[in-house]
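S.K.: Sequence:
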Amino acid sequence: MKEHEALPVGYDATDFVQDGATHEDLQRLLTSGTLIPPPPKTAWTPTELLTTAFPEPRWVVPGLIPEGLTVLAGRPKLGKSWLALQVSHAKAIGGQVFGQAVTQGRVLYVALEDNPRRLQERLETIGWETGQDDATFIFACDAVTLDSHLEHERPALVVIDTLSRYWSAVGWDQNDVTHMTAAMADLHAKAATDGLAIIGVDHHNQAAGKKDDRDAVQDVMGSTGKVAVADTILGLYRQRGEKDAHLAVTGRDIDERELLLRQDHRTLCWHLIPDGQARKGTEEVLAVLQAATDGLSLSAVAKAAELNKGTVSRVLADLLNVARLVTFDGDRYRLVPPAGDADPFAGGGV
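Okay, so the sequence shown: first residue is 1 according to our numbering, each after it adds one.
Rather than coming from a laboratory, the hints here were simulated on the basis of the structure.
Don't take every hint at face value.
[Said to hold, decoys possible] Below are the SDA-like pairs computed for lysine to any residue, each with C-alpha atoms no more than 25 Å apart in a straight line:
| hint | residue 1 | residue 2 |
| --- | --- | --- |
| 1 | 190 | 207 |
| 2 | 243 | 253 |
| 3 | 243 | 259 |
| 4 | 77 | 257 |
| 5 | 77 | 267 |
| 6 | 303 | 205 |
| 7 | 77 | 105 |
| 8 | 303 | 267 |
| 9 | 190 | 240 |
| 10 | 309 | 259 |
| 11 | 190 | 42 |
| 12 | 77 | 298 |
| 13 | 77 | 240 |
| 14 | 243 | 205 |
| 15 | 309 | 267 |
| 16 | 243 | 223 |
| 17 | 77 | 310 |
| 18 | 243 | 190 |
| 19 | 77 | 207 |
| 20 | 77 | 56 |
| 21 | 243 | 41 |
[Unchecked claim] DEER-style ranges, computed between Cβ atoms:
| hint | residue 1 | residue 2 | range |
| --- | --- | --- | --- |
| 22 | 329 | 142 | 23 to 33 Å |
| 23 | 96 | 309 | 45 to 55 Å |
| 24 | 142 | 218 | 26 to 36 Å |
| 25 | 218 | 329 | 26 to 36 Å |
| 26 | 265 | 46 | 52 to 62 Å |
| 27 | 194 | 133 | 15 to 25 Å |
| 28 | 52 | 121 | 27 to 37 Å |
| 29 | 309 | 139 | 39 to 49 Å |
| 30 | 317 | 124 | 28 to 38 Å |
| 31 | 52 | 218 | 44 to 54 Å |
| 32 | 154 | 330 | 55 to 65 Å |
Glycine residues also receive a C-beta, built at the ideal position from the N, C-alpha and C atoms.
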């Protein structure tokens, strides 16, 4: 009997019959020597759920983008398409994203907001070299023709840039929850059936760029049906004029968190900033806190650093997120001393 890679080790003809195979299915199995995948199991007892060893999610980018349907959204011209292209390049060549190794696989990139000349410039900018051809770029596609491309290309990763253009080609209303739920369910089914990852690039609504709080789910433009079906949602946020951005991450198989990113001015690829020292004004804020003999309020930091309170507030939030600061007395901040150093603000400090 030939093994089927989607089935658990040890799966045999008895399991095949117990999972709902018919007599005719078994006859075909015996005569062909090829195991026909059984219908998916749709009913489970609590004991089965608790004792079954389910496989771990398979990742495009470990810890960030699993197989399934992902929505990557942000305001226009903030770099979300560059991020999608960066991930695609890493997948096609077996490279890295944010220091995480990416398993090599074929890529189908649906570039609905670009043309060949502009995409050529982008490939050159990020360092995509001739001969790295395990990817196909197409510039016209809809829900009907996508199936044909999937059958022909057999990709491990599909990028649709953008979902808005993709759905407008077939006249779907992005603000209609019924339309969008059905449309995204179709993409989700394609990903699940073929065991691949689909990244749909999309836009944030106008309000997303005008508020301090970030909600990767609510900020996606159009109906909530767009995100209700998705397995993973990534929200890219960057203030105009700043080179650093926050990537809000939420999903079914990953912990909700934010990553601090910086875009390389030459390649326009995004890089992870692990220590929080990224945002404009961070050096000034750190200098003020390092010189302080006591904890400082936000207003005091802003005055001493000669920065506006909004900038200082965002810098302090970054530093708190990476445990560079502690707060006390409700509204005062001080730096966390390096490991092994005495804390000058702690009782008994020298």
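S.K.: Hints broken by the structure, by number, lowest first?
M.R.: Going through the list in order, the structure violates hints 1, 2, 6, 7, 8, 9, 12, 15, 16, 18, 20, 21, 22, 23, 28 and 31 and respects the others.
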